[in-house]
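Protein chains: 2
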Amino acid sequence: MDPTQISHLALDIGGTLIKLVYFSANGDYSEESRNGCSVVKGRLCFAKFETRKIDDCLEFIRFNILHHSGVQQPNGEGHDKLYVKTVPREAFTYLDGQKKFVEIDHNDLYPYLLVNIGSGVSMIKVDGDGKYERISGTSLGGGTFLGLGKLLTKCKSFDELLELSHHGNNRVIDMLVGDIYGGTDYSKIGLSSTAIASSFGKAISDGKELEDYQPEDVARSLLRMISNNIGQIAYLNALRFGLKRIFFGGFFIRGLEYTMDTISVAVHFWSRGEAKAMFLRHEGFLGALGAFTSYNDQSHNDLKPHHHTVQRAILNCSGHNFRHIPVTSNLNESETIECSINLV
Amino acid sequence: MDPTQISHLALDIGGTLIKLVYFSANGDYSEESRNGCSVVKGRLCFAKFETRKIDDCLEFIRFNILHHSGVQQPNGEGHDKLYVKTVPREAFTYLDGQKKFVEIDHNDLYPYLLVNIGSGVSMIKVDGDGKYERISGTSLGGGTFLGLGKLLTKCKSFDELLELSHHGNNRVIDMLVGDIYGGTDYSKIGLSSTAIASSFGKAISDGKELEDYQPEDVARSLLRMISNNIGQIAYLNALRFGLKRIFFGGFFIRGLEYTMDTISVAVHFWSRGEAKAMFLRHEGFLGALGAFTSYNDQSHNDLKPHHHTVQRAILNCSGHNFRHIPVTSNLNESETIECSINLV
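These protein sequence lines map, in sequence, to chains A and C. Numbering of the first sequence is given in the working numbering, commencing with residue 1 and proceeding in unit increments. Numbering of the second sequence is given in the working numbering, commencing with residue 1 and proceeding in unit increments.
Everything labelled a hint here was simulated from the structure, so no lab data went into it. Do not rely on the hints blindly, as some may be mistaken.
Which copy is meant is left open, because identical chains are indistinguishable; a pair holds if it fits in one copy or across any two.
As the list claims (entries may be wrong) - Distance condition first, Cα-Cα at most 25 Å in a straight line; then the derived BS3-like pairs of lysine-lysine:
{"hint": "1", "residue 1": "154", "residue 2": "208"}
{"hint": "2", "residue 1": "208", "residue 2": "48"}
{"hint": "3", "residue 1": "53", "residue 2": "208"}
{"hint": "4", "residue 1": "100", "residue 2": "276"}
{"hint": "5", "residue 1": "48", "residue 2": "156"}
{"hint": "6", "residue 1": "99", "residue 2": "244"}
{"hint": "7", "residue 1": "100", "residue 2": "131"}
{"hint": "8", "residue 1": "156", "residue 2": "131"}
{"hint": "9", "residue 1": "156", "residue 2": "53"}
{"hint": "10", "residue 1": "244", "residue 2": "100"}
Starting from the given sequences, assemble the full structure and let the hints guide the process.
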């Protein structure tokens with residue numbers, strides 16, 4: 001990739017990961033022009049680095065001359081105002097193994113709750129374009145899953161831990177309602193026998209040590225514990241403010257079916273079917289995309305942490321001003337998507 | 001203790017512990033009589049067994065002939081209706097190391113939220129005498145604390161784990177807001193630099209193994225994670241139903257200052273000072289006391305699990321019908337309190 005073609009850098013520095021979004025023009029500058037806008041074609045690129053290795057990230061930026069930002073017109077004048085287009089089939093629900101894309105009426109989008117699951121979890125009430133407030137959060141997030149997971153299973157990475165959890169059985173360590181009430185449902189209070197009464201509760205009395213458990217079972221219990229808890233707290237906050245939609249994003253999810261399923265079931269269970277969890281295909285880069293799309297926003301001139309910009313990606317991906325970007329797969333690191341930028 | 005003097009047995013069989021309350025008359029039968037009631041003097045006794053060792057409990061009951069229940073009058077006629085008296089200074093708040101007893105106006109007691117922290121957590125909305133509903137709960141309870149604690153620290157018992165946590169420092173493993181934002185408070189969204197951003201989040205990137213951490217630091221992080229989470233979910237549920245008071249009970253608490261402090265801080269933080277956590281001196285035996293005081297209640301003829309009776313102890317300890325039982329210390333296993341029973 002020719003560094004001179006790279007511009008428009010946005011960073012989201014989190015507790016665990018630095019997410020980086022940048023635009024790389026492909027040289028087809030001003031090939032198109034309509035509605036008084038010049039159009040630059042290129043690709044939107046994504047990269048991530050561990051926050052503790054921030055020097056690698058800075059080196060990457062230096063090497064690619066990303067810090068010389070701004071799209072240059074051939075005449076050398078800079079343009080700062082840009083729009084990224086809407087992404088079709090961005091939001092979906094996930095239940096019983098079925099992914100279902102949700103068509104959102106933009107006139108009926110607000111208010112919604114955005115739950116960003118990073119190392120910790122932030123919950124942001126979004127009332128309109130640029131109108132948002134961090135109303136809640138929880139310290140039990142992706143960092144807890146990976147942190148506890150590493151200590152308990154000796155896994156080295158998030159992916160490894162998730163892969164493990166996929167093959168585990170949480171009933172080995174979790175104490176179920178049926179374990180207490182003798183295997184029968186306890187419908188009077190709405191609890192089935194397979195509901196988890198106490199996460200890791202069986203470890204109390206099994207007389208087993210850590211080594212006696214299969215790491216995959218431990219990973220599975222951990223994933224269910226964290227996902228369930230986030231789903232419950234999100235629902236309670238949505239209820240509190242009368243929010244109909246809950247969007248879940250952040251690197252914890254990463255399009256993983258079991259994670260999404262657990263969160264969906266939690267929201268379904270606690271809301272008695274009245275609320276639905278929705279997921280986003282660009283989850284991991286929400287903050288960076290948000291920063292990217294609010295590039296020329298005056299209010300972003302002073303340094304702000306990622307929480308403030310997290311919700312803008314959705315806003316911008318679903319607003320009226322945007323065209324479709326063709327996206328063929330979920331976004332992950334090292335992936336790029338074709339993209340046009342309108343210069344106005 | 002003379003087995004023939006023992007009567008009125010009540011059991012609360014939970015996921016981890018069986019709690020047992022029974023009355024032992026001291027032979028001063030009918031020494032007093034007023035308001036048409038005979039009064040039996042004696043002691044209220046408490047015992048607990050591990051649920052997995054239920055045979056020990058049954059043996060204890062058989063040995064003490066507790067299953068021959070009902071207070072016998074000298075003429076051999078049985079009395080079934082009994083009242084236990086109110087307990088003074090039962091409820092208290094705990095904040096900044098200060099225990100403060102709360103005088104509750106019985107005309108302004110309801111509705112309240114009762115949070116029973118056993119292996120799992122049940123949250124019960126109590127609207128009046130006998131009017132209650134299980135509205136929520138969480139699987140992250142005492143069983144999670146001890147279960148995960150055992151796996152992570154090789155502790156053998158709850159007491160040992162709590163003692164450990166007392167000497168630990170959660171900042172070693174928890175990722176704090178200050179760790180992400182460079183040590184400064186982030187007051188815009190109401191987060192201080194010492195707030196926990198991600199429980200166990202530092203374990204992600206420390207490059208340490210479980211053995212490299214001090215068990216006391218792990219125990220402390222675990223205790224804060226669970227206590228915080230319960231406080232938050234309890235507050236959100238209280239808010240949902242407009243409940244002013246939140247009582248916390250169950251064996252998880254056991255009068256432990258740090259636990260109560262963490263729960264109090266969580267409720268204070270999430271409610272922005274508007275709600276207060278309250279604790280009870282008889283926390284561990286709430287369910288068993290409830291069953292005990294509803295001894296002759298027709299609705300209790302069929303077997304019911306402990307959740308249904310949990311709230312009755314408070315009701316009965318604070319209702320109009322009761323006199324004071326002198327209680328000099330917190331109730332724990334093997335402790336007894338002097339008690340009189342009115343036979344009507």
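Okay, the hints, checked on the actual structure:
1. 154 x 208: Close inside one copy (18 Å) and across copies (10 Å); limit 25 Å.
2. 208 x 48: between (39 Å within a copy, 23 Å between copies)
3. 53 x 208: between (38 Å within a copy, 16 Å between copies)
4. 100 x 276: Within one copy only: 12 Å inside, 43 Å across.
5. 48 x 156: within (17 Å within a copy, 42 Å between copies)
6. 99 x 244: within (19 Å within a copy, 41 Å between copies)
7. 100 x 131: Neither way: residue 100 and residue 131 sit 28 Å apart in one copy and 42 Å across, limit 25 Å.
8. 156 x 131: For residue 156 and residue 131, neither the intra-copy (39 Å) nor the inter-copy (51 Å) Cα distance is at most 25 Å.
9. 156 x 53: within (16 Å within a copy, 39 Å between copies)
10. 244 x 100: Within one copy only: 17 Å inside, 41 Å across.
Hint check: violations occur at hints 7, 8; the rest are consistent with the structure.
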